[in-house]
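Student: Here is what each chain is made of, one letter per residue.
Number of protein chains: 4
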Amino acid sequence: MSAPAPLVTATELNAKLRELFGADMHGLTSDMISEMEYGMVLTTMEVSPKQLRPGKIISGPTVFAACDAALFYACLSVYGLDMMMLTSDMQIRFLRPAKGTRLHARGRILSVGSKLITGQVVAFTDDETKPVAVAQGSCVPPKKNTDS
Amino acid sequence: MSAPAPLVTATELNAKLRELFGADMHGLTSDMISEMEYGMVLTTMEVSPKQLRPGKIISGPTVFAACDAALFYACLSVYGLDMMMLTSDMQIRFLRPAKGTRLHARGRILSVGSKLITGQVVAFTDDETKPVAVAQGSCVPPKKNTDS
Amino acid sequence: MSAPAPLVTATELNAKLRELFGADMHGLTSDMISEMEYGMVLTTMEVSPKQLRPGKIISGPTVFAACDAALFYACLSVYGLDMMMLTSDMQIRFLRPAKGTRLHARGRILSVGSKLITGQVVAFTDDETKPVAVAQGSCVPPKKNTDS
Amino acid sequence: MSAPAPLVTATELNAKLRELFGADMHGLTSDMISEMEYGMVLTTMEVSPKQLRPGKIISGPTVFAACDAALFYACLSVYGLDMMMLTSDMQIRFLRPAKGTRLHARGRILSVGSKLITGQVVAFTDDETKPVAVAQGSCVPPKKNTDS
Chain Y
343 MSAPAPLVTA TELNAKLREL FGADMHGLTS DMISEMEYGM VLTTMEVSPK
393 QLRPGKIISG PTVFAACDAA LFYACLSVYG LDMMMLTSDM QIRFLRPAKG
443 TRLHARGRIL SVGSKLITGQ VVAFTDDETK PVAVAQGSCV PPKKNTDS
Chain C
343 MSAPAPLVTA TELNAKLREL FGADMHGLTS DMISEMEYGM VLTTMEVSPK
393 QLRPGKIISG PTVFAACDAA LFYACLSVYG LDMMMLTSDM QIRFLRPAKG
443 TRLHARGRIL SVGSKLITGQ VVAFTDDETK PVAVAQGSCV PPKKNTDS
Chain D
343 MSAPAPLVTA TELNAKLREL FGADMHGLTS DMISEMEYGM VLTTMEVSPK
393 QLRPGKIISG PTVFAACDAA LFYACLSVYG LDMMMLTSDM QIRFLRPAKG
443 TRLHARGRIL SVGSKLITGQ VVAFTDDETK PVAVAQGSCV PPKKNTDS
Chain A
343 MSAPAPLVTA TELNAKLREL FGADMHGLTS DMISEMEYGM VLTTMEVSPK
393 QLRPGKIISG PTVFAACDAA LFYACLSVYG LDMMMLTSDM QIRFLRPAKG
443 TRLHARGRIL SVGSKLITGQ VVAFTDDETK PVAVAQGSCV PPKKNTDS
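Residue numbers (my numbering), protein chains in the order written: chain Y, 343 to 490; chain C, 343 to 490; chain D, 343 to 490; chain A, 343 to 490.
Honestly, the hints are just simulated from the structure, not real lab data.
A couple of the hints might just be wrong.
It does not matter which identical chain is meant; a pair holds if it fits inside one copy or across any two.
Stated by the list, open to error - Below, computed lysine-lysine pairings styled on DSSO-like, alpha-carbon distance capped at 30 angstroms:
| # | residue 1 | residue 2 |
| --- | --- | --- |
| 1 | Lys441 | Lys457 |
| 2 | Lys392 | Lys485 |
| 3 | Lys457 | Lys472 |
| 4 | Lys441 | Lys392 |
| 5 | Lys472 | Lys441 |
| 6 | Lys472 | Lys485 |
| 7 | Lys358 | Lys392 |
| 8 | Lys457 | Lys398 |
| 9 | Lys457 | Lys358 |
| 10 | Lys485 | Lys457 |
Turn these sequences into a full structure, and let the hints steer you where they fit.
Tutor: Shown next, in the form of structure tokens:
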């Protein structure tokens, strides 16, 4: 990936998410996007006690929600702000128990087509080199394009 | 799959889930398991307004949570009640907008090994023949077995 | 799936495959499609000794090739004969050692969109109720459509 | 991943593959492993004309075979040389048409458990930064371990 500017900024997207969901979106904090480039986004989620499983492990669906959001936002960074973008599929692999109260997900776009945008996500708590999960998936852009 | 009795019943598992999570587990109702056989489970989730996206579509992570639970419970049906069972990976494919207030997930086990139990899930609202999502994944059983 | 006629027949597709690949396509026999309906196809592959692993197990990539072909042909059954259809992704899960000399794959379409056609495949040797693998994936149809 | 020595070297594994498969393993050349570290392997495949599709694109099952082999060998690098290692599942995403006559696959291990070893693969022809496919999957180690 070369590096044009992202087609939506972290500030714009955080504002849009607050407008749509208020302070609570699956327990995600309202200012959840901390880095955004063309084809890359980093999100941060404050984990609530309700999202923990026995042993204080962050639940699998919570980790999935973070990965799903990171892929979605990374797709917007190469397409522009359009909430009609749809996740078509995602595969998540859980690698380690997710211990901690703050969950990060870094999404990266691998290919951009008119019908499908594909990317990967790494989810981690304290140490990005020891991810708690990895995921890969695709989003289908809305129908605005005329050349597909 | 032939049909021995499930190694945990719906009544036992619903009681265990209430004990662990009270009435609220990702918004799942406490009596969420309506059918349970050896290798098959059917779950029902009352969807809350917070789990809806614009257009009154049930959010993707909510559908994932239902599929993840259905696979997990189906694994318990062939292994016995042990909450240390872990999902290792799951792939979900979103097929149609998930409209409705009640979300069902039917999990079926495809193979049972000492290291890995594998299954598929169909998620639907009104019509099981028009699923909103399908998923497939594996769980790793706890270490109690001595022959693995 | 209701049941209109398939948009390409087994006879037409087998003829096309012979024209393109002759008698050998990854070791697939030339008349490999034995059943074809709208949204469903059954393929049969004669496994060659080169496709076996130690223990006379059919190799994983051979099983993948059968699943990939079955998904592709099932997509053609709902779209029409167009070899520019592309597989975008596939997840395969190996369930049992694939013993035998004849490998079948049954593909079924789950949803048809203008940008993505999604389906599942069951691969088996002797007994369809004891599959050696299951797979799910999507194909991207060619760009002929004007409304996407 | 820190960096102990790989539990099998490229030389040892290439010798083993030649012994088992001769010069031909799905068209893979006999000296296919060019780099091997603990948890990382790079493979190279000379693509034969039979593995090309119309438009001189390397076929999807050929790319899958390369990814499957790279994951398998990467698992051996952290486990030791044991051909009873089994791939349990793999998801492959095709990103770009695979043009070229030489196909590389770089496999990296993400987590090592006694029941499951998990990794990702990047497949490319000329340019590793523009992969033709990515894959992620798991292998189940043989039963020799006593602590699982």
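Student: State for each hint whether it applies.
Tutor: Against the structure, the hints come out as follows:
1. When the C-alpha separation of Lys441 and Lys457 is checked against a cutoff of 30 angstroms, the pair qualifies only between copies, where the shortest distance is 21 angstroms, while the shortest distance within a copy is 37 angstroms.
2. In this assembly of identical chains, Lys392 and Lys485 lie within 30 angstroms of each other by CA distance solely across copies; the values are 27 angstroms between and 37 angstroms within a copy.
3. In this homomeric assembly, Lys457 and Lys472 come within 30 angstroms of each other (Cα to Cα) only across copies, at 19 angstroms, whereas the closest approach inside a single copy is 33 angstroms.
4. Both within a single protomer and between protomers do Lys441 and Lys392 lie at most 30 angstroms apart by alpha-carbon distance, with minima of 14 angstroms and 26 angstroms respectively.
5. For the homomeric pair Lys472 and Lys441, the shortest alpha-carbon distance inside one copy (12 angstroms) is at most 30 angstroms, but the shortest distance between copies (34 angstroms) is not.
6. Taking the shortest alpha-carbon separations for Lys472 and Lys485, only the inter-copy value of 23 angstroms comes in at or below 30 angstroms, while the best intra-copy value is 38 angstroms.
7. Taking CA atoms no more than 30 angstroms apart as the test, Lys358 paired with Lys392 passes in both settings, with 26 angstroms inside one copy and 17 angstroms between copies.
8. Within a single copy, Lys457 and Lys398 get their C-alpha atoms only as close as 40 angstroms, which misses the 30 angstroms cut-off; across copies the closest is 23 angstroms, which meets it.
9. Proximity of Lys457 to Lys358 under the C-alpha cut-off of 30 angstroms is found in both arrangements, the shortest distances being 24 angstroms within a copy and 27 angstroms between copies.
10. In the homo-oligomer, the alpha carbons of Lys485 and Lys457 lie at most 30 angstroms apart both inside one protomer (9 angstroms) and across protomers (9 angstroms), since each shortest distance falls under that limit.
Against the hints set out earlier in the document, no violation occurs for any number.
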